[in-house]
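With chain A's structure known, arrange chain B on it following the hints.
Taken in sequence, the protein lines are chains A and B. Under the numbering used here, the first sequence has 294 at position 294, and the numbering climbs by one with no breaks. Under the numbering used here, the second sequence has 337 at position 337, and the numbering climbs by one with no breaks.
If you're looking for bench data, these hints aren't it; they were derived computationally from the structure. Careful: at least some of the hints might be erroneous.
Over the 10 Å line for every Cβ pair with chain A, so calculated as not near, a few chain B residues [unchecked claim]:
#1 D9
#2 E16
#3 N23
#4 S54
#5 G70
#6 L98
#7 E152
#8 S160
#9 M219
#10 R225
#11 P250
#12 T294
Label-pair restraints from in silico Cβ distances [to be verified]:
#13 A:A78 - B:I354: 43 to 49 Å
#14 B:R32 - A:L79: 26 to 32 Å
#15 B:P352 - A:P167: 45 to 51 Å
#16 B:P301 - A:L79: 41 to 47 Å
#17 A:H227 - B:P333: 43 to 49 Å
#18 B:G262 - A:E128: 40 to 46 Å
#19 A:A228 - B:P301: 52 to 58 Å
#20 A:I354 - B:G177: 40 to 46 Å
#21 B:R66 - A:E317: 34 to 40 Å
#22 A:P315 - B:S67: 39 to 45 Å
#23 A:T83 - B:L6: 47 to 53 Å
#24 A:W338 - B:N11: 16 to 22 Å
None of these values were measured; they are calculated from a predicted model. Note that CB positions come from ideal geometry on N, CA and C, so glycine has one too.
There are 2 protein chains.
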Amino acid sequence: MSDPSLAEDPNVTPEELQLATRNHGMPLEGLRYDVTPAGMHYLLIHFDVPETRSEAWRLTVDGRVRSALGLGLRELQALEVVTRRVTLECAGNGRARLTPRPLSQPWLVEAVGNAEWTGTPLAPILREAGLEDDVVDLVFTGADHGVQGGEEQDYQRSLSVADAMQPDVMLAWAMNGQPLLPQHGAPLRLLVPGWYGMTSVKWLTRIEAVPDRFEGFQMLAYRRRDHADDEGIDVTRIFPRSLMIPPGFPDFFTRTRTVDAGRVELRGRAWSGRGRIIRVDVSTDGGTSWRAATLGEQPTPTEWVPWEVEWDAVPGEHELVVRAADDAGNVQPIEQSWNHHGLENNAVQRVPVIVRPGP
Amino acid sequence: MSDPSLAEDPNVTPEELQLATRNHGMPLEGLRYDVTPAGMHYLLIHFDVPETRSEAWRLTVDGRVRSALGLGLRELQALEVVTRRVTLECAGNGRARLTPRPLSQPWLVEAVGNAEWTGTPLAPILREAGLEDDVVDLVFTGADHGVQGGEEQDYQRSLSVADAMQPDVMLAWAMNGQPLLPQHGAPLRLLVPGWYGMTSVKWLTRIEAVPDRFEGFQMLAYRRRDHADDEGIDVTRIFPRSLMIPPGFPDFFTRTRTVDAGRVELRGRAWSGRGRIIRVDVSTDGGTSWRAATLGEQPTPTEWVPWEVEWDAVPGEHELVVRAADDAGNVQPIEQSWNHHGLENNAVQRVPVIVRPGP
Chain A
1 MSDPSLAEDP NVTPEELQLA TRNHGMPLEG LRYDVTPAGM HYLLIHFDVP ETRSEAWRLT
61 VDGRVRSALG LGLRELQALE VVTRRVTLEC AGNGRARLTP RPLSQPWLVE AVGNAEWTGT
121 PLAPILREAG LEDDVVDLVF TGADHGVQGG EEQDYQRSLS VADAMQPDVM LAWAMNGQPL
181 LPQHGAPLRL LVPGWYGMTS VKWLTRIEAV PDRFEGFQML AYRRRDHADD EGIDVTRIFP
241 RSLMIPPGFP DFFTRTRTVD AGRVELRGRA WSGRGRIIRV DVSTDGGTSW RAATLGEQPT
301 PTEWVPWEVE WDAVPGEHEL VVRAADDAGN VQPIEQSWNH HGLENNAVQR VPVIVRPGP
Chain B
1 MSDPSLAEDP NVTPEELQLA TRNHGMPLEG LRYDVTPAGM HYLLIHFDVP ETRSEAWRLT
61 VDGRVRSALG LGLRELQALE VVTRRVTLEC AGNGRARLTP RPLSQPWLVE AVGNAEWTGT
121 PLAPILREAG LEDDVVDLVF TGADHGVQGG EEQDYQRSLS VADAMQPDVM LAWAMNGQPL
181 LPQHGAPLRL LVPGWYGMTS VKWLTRIEAV PDRFEGFQML AYRRRDHADD EGIDVTRIFP
241 RSLMIPPGFP DFFTRTRTVD AGRVELRGRA WSGRGRIIRV DVSTDGGTSW RAATLGEQPT
301 PTEWVPWEVE WDAVPGEHEL VVRAADDAGN VQPIEQSWNH HGLENNAVQR VPVIVRPGP
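Looking at chain A on its own, in the form it has when it is part of the complex (with noise of 0.2 Å):
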């Protein structure tokens, strides 16, 4: 099982930044993009980025199945094609902003992005290859392979078959228009939306249908869990989380913002995958009052909801604070409550800005 170190230091330790230097966020001011620039993406890889090539690939549907399928890309593209916005955050996120902090990757706010995914749903192909009526779990594997708690393993998941079945999950074998980039799952990968990032299975090799309750590492490492001998709550669809485009410019260091007094249009975007969003409140004195943002439309209910709020600025320091509600009735804390492996941190962004005299 995943039991993650803990640390008091605020400070982050070496192995942590490796994961820094090869994983990362998408910078806030990305936000100000309906469909998130490829690159710009966030992106965690629990291993290596494995060699594939899509010429070669095949995507074997087994197990408990009245007929095994191997599908190569072609024979995938050659079914119904889909395109969907979809906005994947890291069940991470957050993370290193806890005290004590789970060491693993240190993810402050930004593990997220709203990209457009083409690809075949995937219910379709459960549908023919057959699955018994003992089936419990569909269980995803990724090309990628390494050790993870002293268990060496290829990256799996599962999904209930209900889960699975949803209308809106797919295979996806391009991004934004362009083939799957190979550190996005090239040349296949499953996306399902709503979904904390793990679960959307890269570089996909095979789907098994199981009868019982699949508890690979990967599931037992995405578990709530109060503390270490915690039994824990699946983690699974993605908690209200609302983030600004940082407004002003920042201190390269620092990344303190600096904006001129007056008029700030302050913008942003809001995301659940429990609910509709129904309410963005923004602060702009650390929480002591608060203001409804406007919401904009959402294109497309698996997407992001941009919103955006006036905020006449006088000179001085000032803490800005925005929070998410949803129609399921989560709403971000405004403390970060805490878990043992760092997991559904979404409590309020804060960013702390100085207003100078306007120009």
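For chain B alone, coordinates are given in the frame of chain A:
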């Protein structure tokens, strides 16, 4: 003047982490690609990615010229079109391996990429503008704006007339056959082959011909200084470096590599902005003994050279080391010398691996 603080603690500060989650290196398995896929190429952005619109973009060429120019993207694209592969590396690559560590972007060794850039040569544009006889430097201004070292600034770097007129210096609007991504300088950037990346100004808005040596902030920041008060030496062309694709598979957190015993093909790339790569040596015993790797052909003069060497791996712990030399007499140092800003840190790469009995 930029004067980074120094840290003795090997753990990385929250400010460095903020930079590491925005900027990113090339995962070393990316060395397997002749041309680095978009989004895997290293990225260092001092301030924010600016919001730009290619339709409205104008490049101004002015200052000490006989006829100032204002060029839109279409006008530039009607000029001579060249496509060139260029290996770019950040001048601060390797900084996080220094003790004490200059506080800035905390690179390990992965701040590199080799892309295929399309644009137009700079020299004919400068000839069309007509440089006055007293011009000393060309100052290149980007649209990125912020504060560094207490100084508010647009990002600016200069080249001497002789360096700017080199035939391989270009203004680029495409990368790997696609319009520039926002984070790589869309819609237009400077590209100076052989030089560290800070010279290749992104989001290029202006080229000004000036009669004096330009000593803007980013010129002083990129000097190799022995200590804070040292006048230092300009950082210009890339010193040789070689990196290998770490063999075997990684541990998620420690990134320790496991390799099966037997014949292992070690592969990588080497580059220098100061001469041709003439030698890559590989050690599998921590630097005690060395073997020459076989160099592949360098496809074009401005990009990296592939190399490979076979290793008969026997069970146990090993440290792989790789070292490149160019025909100008530059060799990667075994131990890293120190400098105040952490620039030109091209000491050899070390890759610890555990070899287990073959399967």
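Task: Separation of B:E16 from chain A, once the least beta-carbon distance is taken, above 10 Å - done: Nearest chain A Cβ is 8 Å from B:E16, so the label is violated.
TODO: Check the following: the C-beta atoms of A:P315 and B:S67 are separated by a distance inside 39 to 45 Å.
DONE: Given about 44 Å between the Cβ atoms, the range holds.
Task: Cβ separation of B:G262 and A:E128, checked against the hinted range 40 to 46 Å - done: 41 Å, holds
Task: Status of the given 43 to 49 Å range, CB of B:I354 versus CB of A:A78 - done: Holds, at about 45 Å.
Open item on the list: I want to verify a distance hint. Is the separation of the beta carbons of A:T83 and B:L6 within 47 to 53 Å?
Closed with: Once the Cβ atoms are compared, 50 Å apart, the range 47 to 53 Å for B:L6 and A:T83 holds.
Task: Check on B:R225 being off the interface with chain A, judged by Cβ distance over 10 Å - done: The assertion about B:R225 holds, with a minimum of 17 Å to chain A.
Open item on the list: Taking the Cβ atom of B:P301 and the Cβ atom of A:L79, is their distance within the range 41 to 47 Å?
Closed with: 46 Å, holds
Task: Distance restraint hint 43 to 49 Å, applied to the beta-carbon atoms of A:H227 and B:P333 - done: Since the Cβ atoms of A:H227 and B:P333 sit about 47 Å apart, the hinted range of 43 to 49 Å holds.
TODO: Check the following: the C-beta atoms of B:R32 and A:L79 are separated by a distance inside 26 to 32 Å.
DONE: Distance hint for B:R32, A:L79 holds at roughly 31 Å.
- [ ] Run the C-beta distances from B:E152 to all of chain A and say if the shortest one exceeds 10 Å.
- [x] The assertion about B:E152 is violated, with a minimum of 8 Å to chain A.
- [ ] State, for the Cβ atoms of A:A228 and B:P301, whether the hinted interval 52 to 58 Å holds or is violated.
- [x] Given about 56 Å between the Cβ atoms, the range holds.
- [ ] Quick one: work out the minimum CB distance from B:P250 to chain A and report holds if it exceeds 10 Å, violated otherwise.
- [x] Violated: least Cβ distance 5 Å, not greater than 10 Å.
In summary, the numbered hints that this structure violates are 1, 2, 3, 7, 11 and 21.
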